[in-house]
Each structure stands twice: as C-alpha cells, then as structure tokens.
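Asker: Sequence:
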Amino acid sequence: MTWMQRFNGWMLLIGVLMGLALLVPPQVFDAHHAQFLLLVGAVGLWRYSVGLTHYVRGLWFRYVIFPRHKRQALVALQEQPPSHIYLMVTSFRIDALTTAMVYQAVIREAIDCGYPATVVASIVELSDELLVKALWQQAMPPEDRVQLTFVRIPGTGKRDGLANGFRAIARDLPDDRALVAVVDGDTVLEPGIMGLTVPYFSLFPQVGALTTNEYCDVLGSYWMSEWHKLRFAQRHINMCSMALSKRVLTLTGRMSLFRASVVTSAAFIDDVENDHLDHWRLGRFKFLTGDDKSSWFSLMRQGWDTYYVPDAAITTVEHPPDRNFFRAARQLMFRWYGNSLRQNSRATRLGLRRLGIFTYYVLLDQRLSMWTSMLGLTAAVIASLKYSAVYLAIYLLWIGLTRTLVTLMLLASGHRIGPAFPLMLYFNQIVGSMVKIYVVFRLDRQSWTRQSTKLSHDHGVFQAWFNRWSTYAMTFSAVSVFVAVVLHMV
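Numbering of the sequence shown is given in my numbering, commencing with residue 443 and proceeding in unit increments.
The reader is advised that the hints may include incorrect statements.
Label pairs and their in silico Cβ distance ranges [unchecked claim]:
| hint | residue 1 | residue 2 | range |
| --- | --- | --- | --- |
| 1 | Asp-586 | Gly-745 | 31 to 39 Å |
| 2 | Asp-753 | Met-460 | 33 to 41 Å |
| 3 | Leu-572 | Gln-905 | 26 to 34 Å |
Treat the hints as calculated values from the structure; they're not laboratory data. Quick reminder that beta carbons are idealized off the backbone N, C-alpha and C, glycines included.
Sequences are here, hints too, so could you generate the full structure?
Answerer: And the structure:
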C-alpha cells in the first residue's frame with residue numbers, strides 16, 4: 443500500500459467522522475448534557491479503564507523496566523551462559539517456499555548464535571526432509587558445534603509433533619543450562635534473535651519460558667493484512683503489560699524459548715500431548731488446538747514465571763484459511779477465542795497467590811468482556827428504535843472518535859498503523875464478542891484452520907443429545923437475559 447493510498451484512507455476516515463458529527467444535535471458536545479453522560483457511563487468508563495491500564499503498564503515495561511532488565515541480563519549472561527541451544531521446528535502442510543525461508547533462518551541462527559546448537563526438524567513428509575537436508579548442505583554449518591536431527595511423525599497434529607520433538611531432545615540428556623527454541627513451521631526468525639533472548643534465563647532463574655514480538659507477512663487481501671497487523675500491535679502492548687508481572691498469558695507456538703529442563707520433563711510433555719478439560723456439562727474432551735495455552739498453564743501450575751522480550755522479533759507468514767475476509771476471520775476467531783476460553787475455565791483455579799491480583803483480574807475480565815463489549819451497540823439500537831435514530835448516530839460518532847484515538851495510541855507499539863484500524867477495532871469488538879458468546883457454550887468444538895482435522899467424540903447417544911440441546915438452551919437463555927437487562931436499562 444502506497445503512502446498516497448494511506449493518506450486517502452485517513453482523509454476518508456476524517457470525512458466520515460465529520461459527517462457523523464453533523465448528524466447529531468449540538469447539545470451532544472455539551473459535557474453537562476444527559477446525552478453526553480449516556481456515552482461515558484459507568485460501563486464505558488470501566489471498559490476503557492481496563493484498556494488504559496494495560497496501555498500504561500505496557501509502556502512502563504517497554505520503555506522503563508525492560509531497558510534496565512536488558513542491561514542486567516547482559517551482565518548475568520557473562521557469568522552463566524547457556525550450555526546448548528536446541529531449535530525445534532514443527533511443520534506440516536506448509537508450502538515449500540515458506541518452509542525454505544523458515545529453515546534458512548533457523549540454520550543461520552544455529553550457526554551465528556555462538557553456542558553449541560542442534561536443529562530438531564519435527565516433520566511429516568519426506569519432501570520436507572529432503573528440502574531441509576539441501577538447505578543444511580548449502581549453509582555448511584561447523585560440524586563440531588552445530589548438529590541436525592530429524593523426528594519423523596505421523597500427521598496426527600501439532601501436539602504429537604511437539605511431544606515427539608521434546609522426547610528426542612530429552613534423549614540427548616541436556617543439562618540445566620540448556621535452552622529450547624520452539625519454532626512454528628511458518629515463522630521466520632529475525633537475525634540475532636537468539637542473542638536477544640537467551641540472556642534473560644541467566645538473569646531470572648524462575649523464568650521457565652519467554653516469547654517475542656511478532657510481525658506478519660499476510661498472503662491475503664488488504665483487509666486481512668490490516669486485521670492481522672492490528673492484532674499484533676495490540677498483542678505487543680498487552681504482552682508488555684503482562685510481562686511487568688512476569689505472567690505473560692500465552693507462550694505462542696510461533697516462537698517461544700524454554701528451559702530444556704522444562705520441556706523434557708514428563709509432566710510438561712504429557713500436558714502438551716494429552717491436555718484435556720473436564721467440563722461439568724460437556725464431559726471430558728481432549729484439546730486439539732491451543733498448545734501454546736497448554737504450555738503456559740503447565741508452567742504456571744509448576745511454579746515457573748513467563749517473560750516477554752519486546753525487542754526480539756519474528757515474522758510469521760500468514761495463510762488465511764479462506765479468501766473471503768469474513769469467513770477467514772470467523773474461523774480464526776473461533777480457534778483463538780476457543781483456546782483462550784478453554785484455558786480460562788481452569789486457570790483462575792490456580793488462585794490469587796499463584797497468578798497475582800492483576801493476572802487473576804485479566805482472566806476474569808475475559809469472561810465479562812464478551813458481554814460488556816456488546817452493551818453499547820445493543821443499547822444504541824434499542825434506543826434508536828424506541829426513541830430516535832439520533833442515538834445510533836451519537837453512538838457511531840463515539841465509536842469512530844474513540845477507535846481512532848486508540849489507533850493513534852498504538853503508534854507507541856512500534857508497529858505501523860493504518861486507516862483501516864478503527865474499523866477493524868470495532869469489528870473485533872462486535873464480531874469477536876459474538877464468536878466468544880457462541881464458543882463459550884461449545885468449548886468442546888475445535889478444528890484446525892490449516893489442517894482438515896476435527897475433534898471426534900466417543901459420547902453415547904444420550905450424552906451427545908444432551909450436549910447438543912443443552913448448548914442451544916444455555917445460549918438462548920444467556921442471550922435473552924442479556925437483552926432483557928439492556929431493555930430495562932434503556
């Protein structure tokens with residue numbers, strides 16, 4: 443997208459906001475008017491306060507706390523460097539061009555990091571093995587320091603690929619100072635990322651794993667590209683906020699760095715490979731997706747901390763599951779939010795002592811936000827039908843102004859912003875809330891977006907019937923209660 447196209451986009455956005463401002467009565471801009479109070483009511487102030495808290499915490503960590511940590515970590519690294527670095531890549535059904543870029547970057551890091559290193563390729567297809575061998579010969583790594591290991595697995599899912607890779611590393615008997623980088627098959631490491639991340643394990647002995655900043659190269663439409671870029675900009679701020687408490691809420695499967703003693707433990711491998719949930723209504727079901735949430739939960743349960751390195755970056759090659767933006771976004775949201783909600787239902791049981799007050803509150807807020815995010819739109823639609831259409835215009839103007847402000851605030855993340863961001867922010871709020879409400883009553887329904895695998899159930903006839911109809915009943919009841927409450931408020 444050229445600078446002229448971006449400029450035209452911003453001008454269009456400003457024009458739409460000015461047009462909405464002309465549709466509302468002048469008294470709306472009077473802070474003493476009742477209609478103004480409608481916009482900045484208690485729920486709105488609460489929601490914005492949560493986002494503002496994340497924003498302030500994120501900037502404080504990024505520009506004040508993290509530079510201090512970085513200086514201390516470089517000193518600690520001199521005293522206790524890692525003994526060995528394993529770079530494990532899991533790939534399945536990824537095009538050859540992306541696979542080549544991924545392994546070229548991994549092999550380069552194994553050579554340039556300066557430590558003894560082993561590249562562990564957890565693969566399914568023979569073609570991937572031949573490609574990796576060709577790239578390895580081309581790179582000509584020093585044989586006395588850098589090794590290559592293949593782990594051939596059946597195409598039964600990423601969890602099995604991770605578990606078999608961890609077992610292969612365990613057979614190498616790594617010591618307590620060894621580290622394992624877990625890299626997804628569509629993730630290209632930026633040069634020098636190992637040097638930027640390994641020092642923090644020397645500085646923080648309680649940190650069991652960390653993750654990094656993420657950028658994306660989207661093989662899709664303009665809207666899909668902007669949607670992903672917005673997500674990663676928001677992710678960066680939220681990760682920095684949670685890193686202030688050393689409670690990063692997810693260890694992304696795209697690229698995370700672990701202590702070898704963590705990933706080679708039998709308990710951790712079992713958590714990743716066989717993670718499941720015992721639900722009061724849906725029974726026991728295995729997690730198909732969400733290995734990053736399983737690894738985070740395993741570390742939290744075992745007493746480890748998690749960390750985020752904002753100046754270490756990766757680039758992911760995003761392959762949208764559908765050419766249509768709405769269908770692709772819905773499928774991805776279904777997977778992402780399902781993973782979060784399945785983890786949420788059990789993570790809070792770890793308690794305040796383990797999670798800390800802020801992390802515990804963030805997890806609780808994930809359950810509430812799906813409803814509170816729908817409150818404004820629902821109230822505006824009802825008020826416009828019952829009283830005047832001007833209430834809908836007021837609401838849309840407020841949404842446009844606040845989402846534009848939030849977009850400008852994202853400049854502090856270091857990620858590029860675009861004129862589509864305000865619209866995408868609102869799309870995520872409304873459509874995302876609807877997907878969450880749908881998913882929260884269907885936690886057992888899972889599927890990969892790249893693989894055509896879905897979770898199969900072995901429930902009996904009655905249990906399957908009960909699960910299906912109780913899901914419909916609970917969804918209808920919850921939505922009905924929500925609408926009734928909003929009607930009463932309006």
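Asker: State for each hint whether it applies.
Answerer: Going down the list of hints, with the structure as the test:
no.: 1; hint: Asp-586 to Gly-745: 31 to 39 Å; result: holds, 37 Å
no.: 2; hint: Asp-753 to Met-460: 33 to 41 Å; result: holds, 39 Å
no.: 3; hint: Leu-572 to Gln-905: 26 to 34 Å; result: violated, 46 Å
The structure is inconsistent with hint 3 alone, although it conforms to all the rest.
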